[in-house]
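Chains as they are written, first to last, in this note's numbering: chain A, 1 to 275; chain H, 1 to 269.
Derived from the structure by calculation, the hints contain no laboratory data. Even glycine gets a Cβ: it sits at the ideal position worked out from N, Cα and C. One or more of the hints may lead you astray.
[As the list claims (entries may be wrong)] Computed from the model, here is a short list of chain H residues facing chain A with C-beta under 8 Å:
| no. | residue |
| --- | --- |
| 1 | R36 |
| 2 | E40 |
| 3 | E43 |
| 4 | E188 |
| 5 | N195 |
| 6 | Q196 |
[Stated by the list, open to error] Straight-line C-alpha distance at most 20 Å; calculated DMTMM-like pairs for lysine to aspartate or glutamate:
| no. | chain 1 | residue 1 | chain 2 | residue 2 |
| --- | --- | --- | --- | --- |
| 7 | A | K108 | A | D69 |
| 8 | A | K232 | A | E199 |
| 9 | H | K184 | A | E36 |
| 10 | H | K85 | A | D102 |
| 11 | A | K75 | A | D107 |
| 12 | A | K55 | A | D69 |
| 13 | H | K68 | H | E47 |
| 14 | H | K107 | A | E34 |
| 15 | A | K73 | A | D220 |
| 16 | A | K168 | H | E86 |
| 17 | H | K184 | H | E86 |
| 18 | H | K85 | A | E105 |
| 19 | H | K157 | H | E104 |
| 20 | H | K200 | A | D252 |
| 21 | H | K85 | H | E43 |
| 22 | H | K85 | A | E39 |
| 23 | H | K32 | A | E139 |
| 24 | H | K161 | H | E73 |
| 25 | A | K108 | A | E135 |
| 26 | H | K32 | A | E131 |
| 27 | A | K35 | A | D190 |
| 28 | A | K75 | A | E105 |
| 29 | A | K73 | A | E255 |
| 30 | A | K217 | A | E32 |
| 31 | H | K157 | H | E40 |
| 32 | A | K28 | H | E86 |
| 33 | A | K217 | H | E86 |
| 34 | H | K85 | A | E34 |
| 35 | A | K217 | A | E56 |
| 36 | H | K200 | A | D23 |
| 37 | H | K85 | A | D190 |
| 38 | A | K232 | A | E206 |
| 39 | H | K32 | A | E135 |
| 40 | A | K103 | A | E146 |
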Amino acid sequence: MADDASSSSGITGNTVENSINQDELIMKQQREIEKEISETIPLVGEIEELQTLEKEYNEDPIYLLKVKDLSSKYKSIRRTRPDGNCFFRAFSYAYLERLLTDKQEYDKFYEIAKNSKDILVALGFSQFTVEDFYETFMEVIQRVGEHAGSTPDLIETVRMELHDKFNKQGYSDYIVVYLRLITSGQLQTDQEFYQNFIEGPRTVTEFCRQEVEPMYKESDHIHIIALSNALKVCVRVKYMDRGEGSQVIAHDFPEGSTPLVHLLYRPGHYDILYA
Amino acid sequence: MRKPREPKSNRRRRNKMAEIVEKYNTKCPGVKRLMREAIELAEATEEYCARPLEDNLFEWHFTVQGPKGTEFEGGIYHGRILLPKEYPMHPPHIILLTPNGRFEINKKICLSISGHHPETWQPSWSIRTALLALIAFMPTPAEGTIGSLDYTPAERKILAKKSTNWSCSQCGEIKLLLSSTAAKPLTEEEQSVLNQIAFKGEDDQSSKPPPPTEEETPEPELQVLESTEPVTGFLDQLTEILVALLVGAIGIFIYRRWNAFYAEAETEL
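Next up, chain A with everything else stripped away, as it sits in the complex (with noise of 0.2 Å):
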């Protein structure tokens, strides 16, 4: 009796069924494109002189005059996997490997993010979870602390050491889905002010949701500006693109402060630069 119900309503279900299939088949090609990414490119790569970005637009004059720009102020480029989190997680990797060297730096940032668990909590995360990724960034960042400021022997141990877990999904992931928690709970006690930058009809709220914190969500503006002032650290992004000129120009976040952490952004994709 139950089982002539369930026949008699997949004739109507029938073609949302077939647009159901259709959206299937794209995601099937999706994630097939998002495997092969993962497995031939590292999630963060070594150092490499800017000049490899010379070879990659070997016949792109546009592209050439910019990279010849950009290498009159940066010497190397560091690339991260792009999996839609590039941007926090090339903003993470850089930062923490500058505060290796910047103790005054590391204790201003250390208790930022030791108060950040609060916060998120406060804004109604669940506890649990939160504090299953705020263990591990804390844990990465401790041992940043450890010897942050120390001799270059040390300082290089734990730089490996850093290089070694951002290549680790279980570390690396957590780093970017923290991050990805606080940009949203900054976006989200700020409502007023972030609203104006989105666009359509969505909340605040709702855009945190769809857009910020799940994985592999591509980083814009907004979400820049927000990690930058929920961490209080500046950001310059050189934005790298056909437009005209042959200037690759430059944007702080937030304006007039010195930046921190030089990240190189293509259409769709950042990595990390160094003077």
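Given chain A, work out where chain H should sit, using these hints.
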């Protein structure tokens, strides 16, 4: 100051946890997280309960109470939760085992934010979020989504009544699994999240292999285990055959022209 005596079942469970700790690599984030969740969900509540299988932390069994004031009221529904090795980066899958008239049984369903894809799952959600969302989603219209059933309220009520006698081969009579303690109240965040979550079934062809039954360290390379897609695989093969045929045809064509040309040249000579 006297501490209330801990129920025996709790102590037994704690020992179980110790065994699990020994068995799994606790450095693996999924394992660490699931152990936390097991502790968080150790006490059964009136609305839901869930716990990992004794021999596999990546498969849980759960029981939920049908939402009150709906045709599922009085029903008790049991099912499996399959956790991907990437959990909590990827969402859990839920399989209902008790006939309920809302979801097909023995079919993987997956939660997503309404109208969006499962990628919108958030790592800060948990098994509790999934169960609460499942309960909240039961009374919503099926609308032909994969894995959904459109039984009439009367049929669902009959199934709800029957469900109390249902028993799981691993967990026993399911009506004994829930307790009379009310669950932890919803946080504001949870409440607003629940309104947005939807469930939909997975296409059979795209269903992934079950989560690891043996201990596995989820290294990125392991993603090779992802299912091979029969549909695209078939299309690829078809294209290959077509290309081969085309190349063959062109080859024959050229060969014939060439022959014809030489034949002509020879006759001219």
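Each hint tested on the structure:
Taking 8 Å as the C-beta cut-off, the interface hint given for R36(H) holds, the closest approach to chain A being about 6 Å. The interface hint given for E40(H) is met, as the beta carbon of that residue sits about 5 Å from the closest beta carbon of chain A, less than 8 Å. The closest approach between the C-beta of E43(H) and any C-beta of chain A is roughly 14 Å, which is over the 8 Å cut-off, so the hint fails. At a threshold of 8 Å, the smallest CB-CB gap from E188(H) to chain A is about 4 Å, leaving the interface hint in force.
Of the supplied interface hints, the one on N195(H) is violated, with its beta-carbon coming no nearer than about 11 Å to a beta-carbon of chain A, more than 8 Å. Interface restraint check for Q196(H): the shortest CB-CB distance to chain A comes to about 7 Å, inside 8 Å, so the restraint holds. Between K108(A) and D69(A), the direct Cα distance comes to roughly 34 Å. Violation of the 20 Å bound is thereby established for this hinted pair. With a C-alpha separation of about 25 Å, the suggested pair K232(A) and E199(A) falls outside the 20 Å cut-off, and the hint is violated.
Distance restraint check for K184(H) and E36(A): the Cα-Cα separation of roughly 42 Å exceeds the 20 Å cut-off, and the hinted pair is therefore not satisfied. Of the pairs offered as hints, the one joining K85(H) and D102(A) is violated, with about 37 Å between alpha carbons and a cut-off of 20 Å exceeded. Of the supplied pair hints, the one linking K75(A) and D107(A) is violated, its CA atoms being roughly 28 Å apart against a limit of 20 Å. Distance restraint check for K55(A) and D69(A): the Cα-Cα separation of roughly 15 Å lies within the 20 Å cut-off, and the hinted pair is therefore satisfied.
The straight-line distance between the Cα atoms of K68(H) and E47(H) is roughly 10 Å, inside the 20 Å bound, and the hint therefore holds. A distance of roughly 26 Å separates the Cα atoms of K107(H) and E34(A); the hinted pair therefore is violated under the 20 Å criterion. Distance restraint check for K73(A) and D220(A): the Cα-Cα separation of roughly 24 Å exceeds the 20 Å cut-off, and the hinted pair is therefore not satisfied. At most 20 Å may separate the alpha-carbon atoms for a hinted pair to count; K168(A) and E86(H) meet this at roughly 12 Å.
Distance check on the hinted pair: K184(H) and E86(H) sit about 27 Å apart at the alpha-carbon level, beyond 20 Å; violated. The hinted pair formed by K85(H) and E105(A) fails the criterion: a straight-line CA distance of about 37 Å is larger than 20 Å. With a C-alpha separation of about 16 Å, the suggested pairing of K157(H) with E104(H) holds against the 20 Å cut-off. Taken as a hint, the K200(H) and D252(A) pair is broken in the structure, with Cα atoms around 43 Å apart against an allowance of 20 Å.
Distance hint between K85(H) and E43(H) is unfulfilled; the C-alpha atoms sit about 25 Å from each other, more than 20 Å. The suggested pairing of K85(H) with E39(A) holds, with an alpha-carbon distance near 17 Å, which does not exceed 20 Å. At roughly 14 Å between alpha-carbon atoms, K32(H) and E139(A) fall within 20 Å of each other, so this suggested pair holds. Taken as a hint, the K161(H) and E73(H) pair is honoured in the structure, with Cα atoms around 9 Å apart against an allowance of 20 Å.
Distance hint between K108(A) and E135(A) is fulfilled; the C-alpha atoms sit about 19 Å from each other, no more than 20 Å. Of the supplied pair hints, the one linking K32(H) and E131(A) holds, its CA atoms being roughly 12 Å apart against a limit of 20 Å. Taking the CA atoms of K35(A) and D190(A), the gap is near 37 Å; set against the 20 Å cutoff, the hint is violated. Straight-line distance between C-alpha atoms of K75(A) and E105(A) comes to about 24 Å, which puts the hinted pair past the 20 Å bound.
Restraint check for K73(A) and E255(A): satisfied, since their Cα atoms lie roughly 19 Å apart, inside the 20 Å limit. About 17 Å separates the Cα atoms of K217(A) and E32(A), which keeps this hinted pair within 20 Å; it holds. Proximity of K157(H) to E40(H) is assessed by CA-CA distance (about 32 Å); at most 20 Å being required, the pair is judged violated. Distance check on the hinted pair: K28(A) and E86(H) sit about 17 Å apart at the alpha-carbon level, within 20 Å; holds.
Among the hinted pairs, K217(A) with E86(H) is consistent with the structure: their alpha-carbon atoms are about 17 Å apart, no more than 20 Å. In summary, the hint linking K85(H) to E34(A) is supported, as the alpha carbons are separated by about 16 Å, within the 20 Å threshold. With a CA separation close to 26 Å, the supplied pair K217(A) and E56(A) exceeds the 20 Å bound. As the CA atoms of K200(H) and D23(A) are separated by approximately 13 Å, the hinted pair is consistent with the 20 Å bound.
For the suggested pair K85(H) and D190(A), the alpha carbons sit about 36 Å apart, so the restraint of at most 20 Å is broken. For the given pair, K232(A) sits about 25 Å from E206(A) by alpha-carbon distance, which is inconsistent with the 20 Å threshold. Simply put, K32(H) and E135(A) have alpha-carbon atoms about 11 Å apart, close enough for the 20 Å limit, and the pair holds. A threshold of 20 Å between alpha carbons decides the hint, and for K103(A) with E146(A) the separation of about 10 Å falls inside it, so the pair holds.
Violated hints, in rising order: 3, 5, 7, 8, 9, 10, 11, 14, 15, 17, 18, 20, 21, 27, 28, 31, 35, 37, 38; the structure is consistent with all others.
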